[in-house]
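A.B. asks: Sequence:
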Amino acid sequence: MLLHGARKLDADGIVDDFWMLLVGDTISTTGTGDSWQALAPSVADSARFDARGRWLTPGFIDLHAHGGGGASFDDGIDAIGTALAVHRAHGTTRSVLSLVTNPLDRLAENLRGIADLASGDPLILGSHLEGPFLSPLHRGAHEPQYLIEPDPANVEELLQASAGTLRQVTIAPELPGALDAIDRFVNAGVVVAVGHTDAGLEVTAEAFDRGASILTHAFNAMRAIHHRAPGPVIAAFEDSRVALELILDGVHVHPEVVRLAFLAAPQRIVLVTDAMAAAGAPDGRYRLGSLDVTVAHGEAMLSGTETLAGSTLTQDASLANAIELAQIDPVLAVRAVTASPARALGLDTRFGYLRPGYAADAVLLDERWRSTTVFANGLRLV
15 MLLHGARKLD
25 ADGIVDDFWM
35 LLVGDTISTT
45 GTGDSWQALA
55 PSVADSARFD
65 ARGRWLTPGF
75 IDLHAHGGGG
85 ASFDDGIDAI
95 GTALAVHRAH
105 GTTRSVLSLV
115 TNPLDRLAEN
125 LRGIADLASG
135 DPLILGSHLE
145 GPFLSPLHRG
155 AHEPQYLIEP
165 DPANVEELLQ
175 ASAGTLRQVT
185 IAPELPGALD
195 AIDRFVNAGV
205 VVAVGHTDAG
215 LEVTAEAFDR
225 GASILTHAFN
235 AMRAIHHRAP
245 GPVIAAFEDS
255 RVALELILDG
265 VHVHPEVVRL
275 AFLAAPQRIV
285 LVTDAMAAAG
295 APDGRYRLGS
305 LDVTVAHGEA
315 MLSGTETLAG
325 STLTQDASLA
335 NAIELAQIDP
345 VLAVRAVTAS
355 PARALGLDTR
365 FGYLRPGYAA
375 DAVLLDERWR
385 STTVFANGLR
395 LV
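All residue numbers for the sequence shown refer to the numbering used here, where the first residue is 15 and numbers rise by one.
These are computed hints drawn from the structure, not numbers from a lab. Predicted model only: the values in this text are computed from it and were never measured. Hints may be right or wrong, so weigh each one.
Pair by pair, the computed Cβ-Cβ distance ranges are [what the hints assert, rightly or not]:
no., residue 1, residue 2, range
1, S254, G191, 48 to 54 Å
2, G225, V57, 43 to 49 Å
3, H311, G95, 26 to 32 Å
Just so you know, even glycine gets a beta-carbon here, dropped at the ideal spot from N, CA and C.
Build out the structure end to end from the sequences listed, making use of the hints.
C.D. replies: This is how it looks when you write it as structure tokens:
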């Protein structure tokens, strides 16, 4: 497939009149101007695509989403397919499927199901356990009766169930056994995130030294920044090894705080949707794990409370909010949905850039930063 006439935007910068040749699942060649025409005879007319000056970015990567289209990733194969279709239509070409806290046997069953799906779908990067190893004090939209401590037996059961496809786990590092669990997960190749935590600066920094490398939805479900007790966000700002997730829906984090985060760690911010089932679906009543959620005006709350229960975002909306609401430079904003999440997962030699040798994942965007055309693994999805 040959795409030409685009305005390329990735972490390397902006290039006008850009073209690229996709061969199989990989970007083969790139260039500018009319030089693509020398390749045109070898490409069928139906496989040539004129971008007509639209923005072209790498495919978006979402490290943290729970569902969409009325369906949740916790609810089985059909539900996963429904939810992924929504996010793929909005430019997310690679997804980590996040699971909320549930009984251990239910989590193990879900991990096995995702492992089966991932074996046949390269766009699924694996699973993310956001729970059950979370602080009851900062549980957010997680069922408190199912929160447990990360003892070795629990950790091993979940690792075995995932069959090597557990990509990420969120842990509150102050829990008994948590630091040893971080060691075990890291040694198993799992990316560990600190989140839903009451840890302060020192314990968070120790978790990072043990190998944790992401802060789950920074500012949310953790101690706030205090001038005498800096907390986990400052620990993440200070550690160049650590990526910081942000939910940029205008509700979870104020746009001025978003700007502060980008100033403190410009190349380490990772925009995530934390989307629940109502993403791409109407307002109404939903479930998140075992809890009831009410969505009104696009905001998801645990029913009868003022506790946020994920978002209704898609990644193109996250990008638009970064640029238009928080006034982030477009190159940095695109980095936060492409190269930075790829780096956070250790996949930045394959994903996150429009370069030869990288995955043939790309998104065309309109002037309002909304996805219009999506390519993944060398195929046009939308």
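A.B. asks: For every hint, state whether the structure bears it out.
C.D. replies: Evaluated hints:
Judged by the Cβ atoms, the range 48 to 54 Å given for S254 and G191 is violated: they are separated by roughly 28 Å. Against the hinted window of 43 to 49 Å, the Cβ-Cβ separation of G225 and V57 comes to about 45 Å, which satisfies the hint. In this structure the hint that H311 and G95 lie 26 to 32 Å apart at CB holds, the actual value being about 28 Å.
Violation of the numbered hints given earlier is confined to hint 1; every other hint is satisfied by the structure.
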